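Respectively, the protein sequence lines represent chains A and B.
For the first sequence, our numbering begins at 104 and goes up steadily by one.
For the second sequence, our numbering begins at 18 and goes up steadily by one.
These aren't lab readings, by the way, just hints derived from the structure by calculation.
Nothing here was measured: the structure is a model prediction, and the numbers come from that model.
Any given hint might turn out to be false.
Just so you have them, the derived chain B footprint on chain A, three or more residues with Cβ under 8 Å [said to hold, decoys possible]: (1) 117-128; (2) 153-162; (3) 167-174; (4) 187-199.
Glycine included, every Cβ here is placed at the ideal spot set by N, Cα and C.
Spelled out from the first residue to the last, the chains are:
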Amino acid sequence: DTEVTQTPKHLVMGMTNKKSLKCEQHMGHRAMYWYKQKAKKPPELMFVYSYEKLSINESVPSRFSPECPNSSLLNLHLHALQPEDSALYLCASSHQGANSPLHFGNGTRLTVT
Amino acid sequence: QQQVKQSPQSLIVQKGGISIINCAYENTAFDYFPWYQQFPGKGPALLIAIRPDVSEKKEGRFTISFNKSAKQFSLHIMDSQPGDSATYFCAASSYNNNDMRFGAGTRLTVKP
Chain A
104 DTEVTQTPKH LVMGMTNKKS LKCEQHMGHR AMYWYKQKAK KPPELMFVYS YEKLSINESV
164 PSRFSPECPN SSLLNLHLHA LQPEDSALYL CASSHQGANS PLHFGNGTRL TVT
Chain B
18 QQQVKQSPQS LIVQKGGISI INCAYENTAF DYFPWYQQFP GKGPALLIAI RPDVSEKKEG
78 RFTISFNKSA KQFSLHIMDS QPGDSATYFC AASSYNNNDM RFGAGTRLTV KP
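Next up, chain A with everything else stripped away, as it sits in the complex (with noise of 0.2 Å):
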C-alpha cells in the first residue's frame, strides 16, 4: 500500500459531467503534485502545490481545476471534458525542496465517455 491515497480508483464520466479527483498523504509533505498518465507514455506533470499555493500549472486547460484545501488534501475538479483527457491521473506529495523524491498514489483511471 501506497502513503498517498487517491480515489476513486476507477472513474466514468460523460462529457458534461462534473467530478473530483480526491489525494490525501499523511507524510508531512509541503509539495502536492498532479500528473497526467496516458498509455505506455510517461506521467506528464499537470501543477505542482508549495505550501499549499499553486506553484506550477504546465498550462493545463481550465475544465481541470486543481485545489489544495491544506497541506494532507488535494483535490482535482472536472468539468466539461473530452475523451483524449482519459488518462491515469497520479498524485504524488514530496518535501518542499533539496531534491526530495516524489511519493506517487496509484492513481485514478479516468475514462471520458
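Based on these hints, arrange chain B on the given structure of chain A.
Same frame as chain A, now just chain B:
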C-alpha cells in the same frame, strides 16, 4: 515537456543477466536524478536516486552511474529477476523547482 531522453524503449533480458537503461538530459539546472519503477495498475515508486556530486551509487542489485560532463546517467540491474519486469523511468529535477520531469520509459522483461 520531454526534457530527459531515455533508451531503449523496451528491453528483454534473461534471468541472471544485467539490464542497462540509459538517460540523457540537457538542462544543466537539473541536479537530482531518480529512477522510478512502475508495475501495471500501480503508481511509480522510487527505486534509487543520485546527485551530481557522485559518479556512482549502488543499492543492492541496482546501480546508478552518472557522467556529469556528458549529461548522461544510467541504471544497471545486476542478476535481473522475473520480478524486476516492469517499466522503468529516469527523471530529473532542479533544486529550486518542484519540476520533476520523466524520461519516456523502458519496458523491461526478464525471462525465466
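Status of the hints after comparison with the structure:
Chain B is given as covering the region 117-128 of chain A, and this is violated because 0 residues of the stretch bring a CB closer than 8 Å to a CB of that chain, at least three being needed. With 4 residues having a beta carbon nearer than 8 Å to a beta carbon of chain B, the region 153-162 of chain A meets the requirement of three or more and the stated coverage holds. Only residues whose C-beta sits within less than 8 Å of a C-beta in chain B count toward coverage, and the region 167-174 of chain A has 0 of them, not enough to reach three; the restraint is violated. Closer than 8 Å: that is the beta-carbon criterion, and the region 187-199 of chain A has 4 residues meeting it against chain B, so the requirement of 3 holds.
In the structure shown, a violation is registered for the earlier hints numbered 1 and 3, in ascending order.
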